[in-house]
Structures are given as structure tokens and as C-alpha cells.
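J.: The chain contents come next:
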Amino acid sequence: MTKDFIRGLWKENPVFVQVLGMCPTLAVTTKALFGLSMGLATTFVVVSSSVVISVIRKCVPEQVRIPMFTVVIATFVTVADYMLKANFFEISKALGPYIPLIVVNCVILGRAEAFASKHNVMRSFLDALGMGVGFTCALVVLGAVREILGGGTLFGYRVMWEGFTSWIIMILPAGAFITLGLLVGAFNMADKRMKEK
Amino acid sequence: MENKSKKNILNNSVVRMIGALTIVGIISGAILVFVYKYATPRIENNIKAATNRAIENIFPDAQNVQKEKDIYKVTGKDGNLMGYAFTAEGNGYQGTIKLLVGIDPEISAIQGIEILESQETPGLGAEISGNKFKKQFKNLSVSEVITYVKNKKPEKPGEIEAIAGATISSRAVVSIINKKMEEIKRQRL
Numbered sequence: 001m002t003k004d005f006i007r008g009l010w011k012e013n014p015v016f017v018q019v020l021g022m023c024p025t026l027a028v029t030t031k032a033l034f035g036l037s038m039g040l041a042t043t044f045v046v047v048s049s050s051v052v053i054s055v056i057r058k059c060v061p062e063q064v065r066i067p068m069f070t071v072v073i074a075t076f077v078t079v080a081d082y083m084l085k086a087n088f089f090e091i092s093k094a095l096g097p098y099i100p101l102i103v104v105n106c107v108i109l110g111r112a113e114a115f116a117s118k119h120n121v122m123r124s125f126l127d128a129l130g131m132g133v134g135f136t137c138a139l140v141v142l143g144a145v146r147e148i149l150g151g152g153t154l155f156g157y158r159v160m161w162e163g164f165t166s167w168i169i170m171i172l173p174a175g176a177f178i179t180l181g182l183l184v185g186a187f188n189m190a191d192k193r194m195k196e197k
Numbered sequence: 001m002e003n004k005s006k007k008n009i010l011n012n013s014v015v016r017m018i019g020a021l022t023i024v025g026i027i028s029g030a031i032l033v034f035v036y037k038y039a040t041p042r043i044e045n046n047i048k049a050a051t052n053r054a055i056e057n058i059f060p061d062a063q064n065v066q067k068e069k070d071i072y073k074v075t076g077k078d079g080n081l082m083g084y085a086f087t088a089e090g091n092g093y094q095g096t097i098k099l100l101v102g103i104d105p106e107i108s109a110i111q112g113i114e115i116l117e118s119q120e121t122p123g124l125g126a127e128i129s130g131n132k133f134k135k136q137f138k139n140l141s142v143s144e145v146i147t148y149v150k151n152k153k154p155e156k157p158g159e160i161e162a163i164a165g166a167t168i169s170s171r172a173v174v175s176i177i178n179k180k181m182e183e184i185k186r187q188r189l
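Respectively, the protein sequence lines represent chains A and B.
Counting along the first sequence from 1, when you hit position 83 you're at 83 in our numbering, and nothing is skipped either side.
Counting along the second sequence from 1, when you hit position 175 you're at 175 in our numbering, and nothing is skipped either side.
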């Protein structure tokens, strides 16, 4: 049971290992807070859609499973989008079109297709939660590195010394690629060390 | 024979497929109706609050804001007219820029601008929301069209300095305001 949860955190981390959902990963992580909000919204969608798909998996005709999954996912994405706009207006404005774009995040359809449509509700829930938390952690780390180097702050609080020159490239798209590349490298190194032990 | 073919139709996978998709569609539609009904008034409130905050930033002494068509009429403590505010939008570097512009009652000088929505490059174009850029519009004359200069201090009235490295975003703000001002002047004639 716990294996289903742990898998998404480390061994099959959606960002660092599967390299899925790169569009929001690269685009919204200019600040740690945006990474966290995006991660939580995605977690909500992946968990709820995985549970629903697992419940209805036995009455889904094989040929139309993809459109059915897409409708389920799109419903939850729309719910998340409206809830953010209604209750966290500033964040939703900053994330712009990337919340509706969760619909096409391959992490979600990937979990529906590879796991939730074949396993029971409890296991699908844990698997999706693990993937969501793994995705959120990756986005927060990426956002934190870029925010600290690109603006000298973390979650809006100043962490660098006075007179620190911001590396503007870190909040531009190029900084996203550089940071992601280095993080994936560091992740693989850590993974290798752990396996050798 | 006839009976058999009828059965076939019922078991037909096409019917099952259409049925399953229809049911999922109906349920999802029903859920979205409730969410939409819950969220829409709140979203409208949020937008209104953001606009009001922007008006307060431009007219700190404003007491009363009245909306007349698309224009906000701002009055002070003793009911004197402080100026007007209006929203204007147009294309920026990466997406739409939506501005709120405050202007004096004679429509001769801008009192201030606020950025309501923008998707400009962080660190460069996004500086249009920064105070350094916005401050330039305070008391800026609009008797002529607004122009911008690069890498030097503005000399003539109605001139602002573009942000270094973000000329397109700066130009976008200027042209959005110019276009809207022209419209408003035409209406007043």
C-alpha cells in the first residue's frame, strides 16, 4: 500500500524521472508560491480524477476510455480553475492560462490510463496522491531556486543579503531550463548514490 | 431471426459507447453548473475589488466612485469632482495588458495609472507594474499624444522614458493610453 504512495515521490517522480508535465513545470515556477499553487491544483485534479476513474473503470467501454477520462479530468480542472478565481484571485491571475492547461498535463491522463483504470479505489488514490505530492515538491524546489537567484526572495521574504544583484535570467524561460537540467542531474546523482549503498 | 438482431443492437458496442459518454457528459455538466453558480458572483466581486483598489491608489482622497457606462466618476470628501478613471486594454509583448487610467476633471493630465492585468516578461516587461514606471504618468499632459524616449530623461511634456530592455512593453502601455484618450476626447466633443 505505502509503495503506491512512495512511488510518485521518488522512484517515478513525475518531473525528475518521468519528465512529464513540462509545460507548467517550466512556465509557472518563477516564484516558489506559484510552483506550490500549481502543484496543489494539479494534485487536486489528479487525485479526484483517479478516484472517479477507478470507480467507473468497470463500466467504461474500452474504445471510448480516452474521451471519457478526458471529460472527467476537464471537469475537475474547471472546478479547480473557478475555485482559484473565486477564492485566490491574485494567484489565479498570476498563473493565467496554466490552470486550464492542467487538462493536457500528461501526468494526469498517464495515471488514469496506467494505474487508475486497472486498480481499486484505495490504491489509485494513494498512487495519485504520491504523484501529486511528488509533482508539487519538484515545482516548489524549482520555484524556490529560481526565486532566490532571480529575485533574492523566497515565498516573498528576502533571503539574500542587501545589494544582491538578481540574476534576471533565472526568471526568464532560459533559467527554467537551466535549473531543471541541474536538478534532474542532482536527482540522478542522489539516486545512484542511494542504490550503491 | 428478427428477435436476434434486436438483441444484437442492444449489445452493440456503439450503443454502449454513446450511452457511457452521454452519462459522463451529463454528470459533468451538472457538477459544473453548481460550481459556476457558486463562483461567478465571487469572481465578479474580486474583479470589482481590484478595480476599486486601483482607483484608490490613483486618487488616495477619493470618497465616492460612481460608474457611468465605462467611466468611473471619482468624487472627494465634499462632493467635488476629482477626476475620472477608465480601463483600457491592448496587446502587450506576451498577452493582453489591461490598465486603469485616472485623469483630472478637465481631461488634460493623467493622475496615475495602474496595471490590472499583464503577462509581460518577469524582471523586464513586468516592470510596467513597478512604481518607477507608473510614477512617470502622474500629471502627464495628454493635450498631445504621449510619446516615449529611450535611454534618456524625457524633456518635453507628454513624454515618458521607456524601460530599458522592455521597449515593446513600454510602447504598448503608451499606445493603449493614446488610443483610449483619442476615443474619450472624441466622445466629449
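By construction, these hints were calculated from the structure, which means they are not laboratory data.
The model shown is predicted, which means the values in this text are computed figures rather than measured ones.
Ideal placement from N, C-alpha and C gives every residue a C-beta, glycine not left out.
Any given hint could turn out to be false.
[Stated by the list, open to error] Heads up, incomplete: computed chain A residues facing chain B, CB under 8 Å, no partners named:
#1 Met-68
#2 Ser-117
#3 Ile-171
J.: Would you mind marking each hint as holding or not holding in the structure?
T.: Against the structure, the hints come out as follows:
no.	hint	result
1	Met-68	holds, 5 Å
2	Ser-117	violated, 13 Å
3	Ile-171	holds, 4 Å
Consistency with the previously given hints fails for number 2 only.
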